[in-house]
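> With these hints in hand, go ahead and build the complete structure from the sequences.
Residue numbers (this note's numbering), protein chains in the order written: chain P, 1 to 316; chain W, 1001 to 1151; chain A, 2001 to 2512.
It cannot be assumed that every hint is accurate.
Here are the simulated lysine-lysine pairs, DSS-like style, with alpha carbons at most 30 Å apart [unchecked claim]:
id, chain 1, residue 1, chain 2, residue 2
1, A, 2291, W, 1058
2, A, 2295, W, 1054
3, A, 2295, W, 1058
These are computed hints drawn from the structure, not numbers from a lab.
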Amino acid sequence: MTFTYKTLAMSVTAVAAMGLAGLAQAEYPEEDITYIIPFDPGGESDVTARFQEPILEEVLGVSVNVTHRPGGGGAVAWSEFQNSAEPDGYEIIGVNIPHIIGQPIQRNDAGYETDNWRIVTFFHSTPNALIVSDDSPYDTLEDLVEDAKENPEAITLGGSGTYSANHLDMLRFEKEAGIDLTYIPFSGTGPLKGALEGGHVAGIFNYTMLGTEMADSVKVLAVAAEERVKALPDAPTFKEQGYDIVGGAYRGVAVPKGTPEDVVATLEDAFAEANRQITEKQEPLGFVMEYITGDEIDEVMAMLVEAYGPILEEAE
Amino acid sequence: MIVRLNTDIAAGVLGLVFGALLWFPRADIGRLSIIFPRAILLVLTLISIALIVKGFIKPSGRQIEISGSPRRLVTVIIGFFLWWGLVEVLGFLLTTLLAFFALTWYLARVETVVTWQRMLTWTPVILVLVGVFYLTFKEVLNVRLPSGLFF
Amino acid sequence: MEMLLEALTALLTFESILTVLVGVSAGLFIGAMPGLTATMALAMLLPFTFSMEALQGLIALGAVYMGSIYGGAFTAILINTPGTPSSIATTFDGYPMARQGRAYEALAAATIASVVGGIVGVIFLLILAPPLARLAVAFGPSEMFWVAMLGLTLVASLSSDSLLKGLLGGCIGILLSTIGVSPVGGESRFTFGYPPLQGGIELIVALIGLFVIPELLTMAAEGRGALPGGSELRKKEVSIAKIAKHIFSKPANLIRSCLIGQVIAIIPGAGGNVTSLVAYNEARRFSKDPKSFGKGNVDGVVASESSNNVMVAGSMVPLLTLGIPGAPPDAIILGVLLMHGLRPGLDLFTQSGVLTNGFILSMGLAALMLLPVGLLGGRLIHRVVIRTPYYFLVPSIAMVTILGTFALRNSMLDVGIMLILGTAGYFLRLIGIQAAPIVLGLILGGIAEQGYVQTLMAAVVDPIPWLRLVSNPLSMVLAGLVVLGAATALVPMWLARKGLLDKVEEDSGGSS
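Right under this line is the structure:
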């Protein structure tokens, strides 16, 4: 082959391209990673992230900085992320279901789309649970259902947020059981404890975690999971009692659309490892560890969109 | 600087304007969420009207006094907003340093002319002050300050 | 009892005492910075506590909390800016005192009051935790609504100049609190199609905006600082002993403020932001010289600062016994407890008794530490602020507030909101609308709305839904207090306007 500048140029470019490609793939991650939590410090998402942080740093070999960007139930952080984050894997954001499903449907200015990113994994779920106080007249779910049939709308159930996981599953329960309850939204899990203890609501439809936290003073009538939750062995599931309700909050992380697949794979592994190591801390608190990645994510999302979509649209 | 203004009427008008601003988007807002704001908007309107009426009958103040120089006031206000706007563009450190120098120079001018020498003596102080806070927030407290074009 | 002694010995190690000292100093510094709050201080400390053992971590958090609530008084007195929302009422008399050259007196008074308050809070926590906790859960939606209303009657008494303007400010504050996502209904309100506004207006942002910025603008416009310096100061230096004597010679003020602090501290959600205001208001109501409040009466400072420090340990009552955080910083402490596998409740006091009691006692130690740290630090900061020329002071404070506001939620929008509110606040002040009612409306608007709507939702089966608002005994008591409070605030004013006409003319001409 005759030596021409063209050949030279092409060879140099080829080598450079290989070198650059090599560099790009070589070692993700090389810089610090920012892990954005769309909620206030001290909350469940935050505490989990803090547990995960040291293990992620160990596995990935770089510093992982947890920062908070609360506002709008997460919407502020999510909309900012979708608008401005770079798809290079150095910015990851915590995501929560069903928030990211419900908010864009419900609000016309949420600022983001449910699927405008690449969800890496869901690492745990907190199934919903129907909890009443120890001295409540209801001992089983059926007691409550019977009472509801006789006194429609009289039974008040507190929950965290409106059209949140708590609320949506309560609505599903109402439909399945053919009863009318009254849902009282509270601004988070914290106030629910006080409301139940003080007798301001007849029961609460919240997550399993409250069931474990308040273990000595409450009865968990039902849990919305496939099988009984390890931390609450005596609590029957909705399914066992004849109501096909499985739901709750799932937490995971996402990166912007267009992030390279190997970056996503690295993150998947890191979070799976983190999950394994923090299982013994989280399970007693009522969390259910999940290892949902890749296609399973789409399945779960689709299932939830199907389950909750109609209710949300109705509420529009 | 003294501005002749009936403070009661001014307050009342302000109240009505504010109320109007929030009154119009209410079409989009659902039933549950509008109950409370609507009630307060009503109260606001009533109070504003009462204030305007009072302004005519028994005004409490007929003038307002802006102490000092209005020109300096407006300049500093604009300065603050510029500072805010430029942080995203030039990055926090640079913008703050610039803003600091500018403000200090501008405010010290009041007493005497500011000489270059004087500004030079300030430089280390300003650098240390801004630097210490910037580093504390960035490194110790892990706050991601905007970095703009430079740093 | 032996558990207490055991806890005490665990506490009196060199390591723990050092932690408390460092914690209090750090907390003081953070609390004094406008824009940095106790909650933020704790959130920032959180990662560090992971590497510490449970007791050390809790001690550190408690010390920082105590220090930062106290620290808010510094800027409140020196530059009319509450460093933390719990010190809002300290500005009312603290700043006038500073303008009269009595800044050090105010600082010393605040210190002593805070120490007393902190210790009283710890005592309440140790002795009265269980019954207080039961009281805490009695506050449900309807009760919270009345608490908010009670807080709003403060607006009436705080606006001695013009009731209408004060109420207007309060309404504006309440409406500002509705911006964002509604607590009931989950929809976004008043965001004008701009997604970041879903976060609403954060209290601290409004606080700094409405208190600091107008102060800075005034300094800039006038071309000088606000405080007298140098020779004038030396004439008015008062000894600490004298100040202490004065404070303790009025035990009623101290006792009443501490009680108020404790009761409000256990009300979930209202937290420390409101304690100082209520205590201040009551101090004025019961004082022999109410007119002097707002013009530099040290009793106002004492009331405000003692009540807010009671809150530190006091708000832990529902937290430790039931796991219900009374104030935002408690949520972080709850997180730490859960992370170390400690569950709030009776177990905490029996099984982990040494830990729990050690933690509680450490807060008492922290309160004591406020005395040396505060008096020394106070003198230092006071000197620095007095000596700094205003042309350094203005940009410095501006920089710290911008940093602090940004650090709150990592949001430049918040900084923008702060500046807008601040500029507006300057002009509002000129036409007679003060910052305090607006901030009060902002704090209480959300609480009032939630309480109101939640009660009415639960009352959907009642024939007359509104009756639910007064169906519980506690609600009735609170509602009665609201009526009483409003009446006692309004009636004297009304009488003054009718009966003492010349007094009215004297008070209202050109006031702003």
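> Each of the hints needs a verdict: does it hold here or not?
Structure-based check of all given hints:
| no. | hint | in the structure |
| --- | --- | --- |
| 1 | A:2291 - W:1058 | holds (23 Å) |
| 2 | A:2295 - W:1054 | holds (27 Å) |
| 3 | A:2295 - W:1058 | holds (26 Å) |
Violated hints are absent here; each numbered hint is respected by the structure.
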